[in-house]
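Trainee: Given next are the chains, with one letter for each unit.
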Amino acid sequence: MIQVPLEQKVLSENQRVAAGLRSALEATGTLSLNFIGSPGAGKTAFLERTLAGLPAGTRAAVLTGDLQTENDAIRLARYGYPVRQITTVGACHLDARMVEKHVEGWNLEELDFLFIENVGNLVCPTSYDLGEDAKVVVLSVAEGEDKPLKYPGIFRKAEVMILNKVDLLPYVPFKPELAREYARRIHPEIEIIEMSATTGAGLDQWLAWLAARAERKRPLAATLTEAMQAV
Amino acid sequence: MHEMGIASSILDAVRKELQRYPGCRAAKVNVRIGEFAGVDSESLRFCFDAMVKDSPLAPLELGVDARGGDELDLGSLELEEISA
Chain A
680 MIQVPLEQKV LSENQRVAAG LRSALEATGT LSLNFIGSPG AGKTAFLERT
730 LAGLPAGTRA AVLTGDLQTE NDAIRLARYG YPVRQITTVG ACHLDARMVE
780 KHVEGWNLEE LDFLFIENVG NLVCPTSYDL GEDAKVVVLS VAEGEDKPLK
830 YPGIFRKAEV MILNKVDLLP YVPFKPELAR EYARRIHPEI EIIEMSATTG
880 AGLDQWLAWL AARAERKRPL AATLTEAMQA V
Chain B
85 MHEMGIASSI LDAVRKELQR YPGCRAAKVN VRIGEFAGVD SESLRFCFDA
135 MVKDSPLAPL ELGVDARGGD ELDLGSLELE EISA
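So the sequence lines, in the order shown, correspond to chains A and B. The working numbering puts the first residue of the first sequence at 680, with every later residue one more than the last. The working numbering puts the first residue of the second sequence at 85, with every later residue one more than the last.
Just so you know, these hints were derived from the structure itself, not from any lab. All C-beta atoms, glycine included, are put in the ideal place defined by N, C-alpha and C. There may be inaccurate statements among the hints.
What the hints assert, rightly or not - Over 10 Å on every C-beta distance to chain B, these chain A residues come out as not near it, computed from the model:
1. E686
2. L690
3. P831
Said to hold, decoys possible - Here are some of the chain A residues that sit facing chain B, going by a computed Cβ distance under 8 Å:
4. L685
5. L730
6. V798
7. C803
8. R835
9. V839
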């Protein structure tokens, strides 16, 4: 019996494409976010609110993933930003190659933000790096508070948890404090923003986070550009 | 749900590595799966076995080393020499 080391990521091909995307987005200073949540958590409505709330002149583009239909792209296109639908025809997650293919033709240098709405699923999208700067998990108060404990992978990897549909709190038994406690148990540093995509509550806090996160990335792109010009 | 794709990636890596060892067959491939990797080991094993069965790679065993992090790595491949 001979044992040979393989020592590579199982998804090394996805990783390779994601790394290419990441360095392209690094060079252009485009902040890329991967939105993950259960079906019905309100990811599309939350993105609609976000697009409607972006300051005039913001340059953003959206990719939205679903198994079938163009419905989400049609909803999102109403805000005047470029939107493309990725239909996975059965696959339960987006992968880096789908993103690479669908950003083709977009000039990343002209984009401040690339928003990627993943397929509604708390499990599979967790494994696939899309070259994003951060994952954002969307949990709604119509679900169980213990989702972070049941699906720890995504809550551990996400930089932000959007607790959506807080306008429903008077009508559901959901305890936000418990959800926060569970999320922090899995990921102590996770940023938690309470939000209602329906009423717009929490939008200011989210937009402030978005601006600060984009600001953190831009100086890096400027440094890269300078370095490239110096060569 | 995506374990079929994961199994297929593992088998691709096995086939690729085997090309470097003519005269050998793969007996077992060892992977490390973290608790937070988003991969269910039992479901992966089910997919893996279904894909290996009736393929030129059969019989090939999957070894799973369960870890605590978010790793999803190929560790090693165990080879046997094919006797002439």
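Trainee: Which constraints among the numbered hints does this structure fail? Numbers only, ascending.
Mentor: Hints 1, 2, 3, 5, 6 and 9 are the ones this structure does not satisfy, whereas the remaining hints hold.
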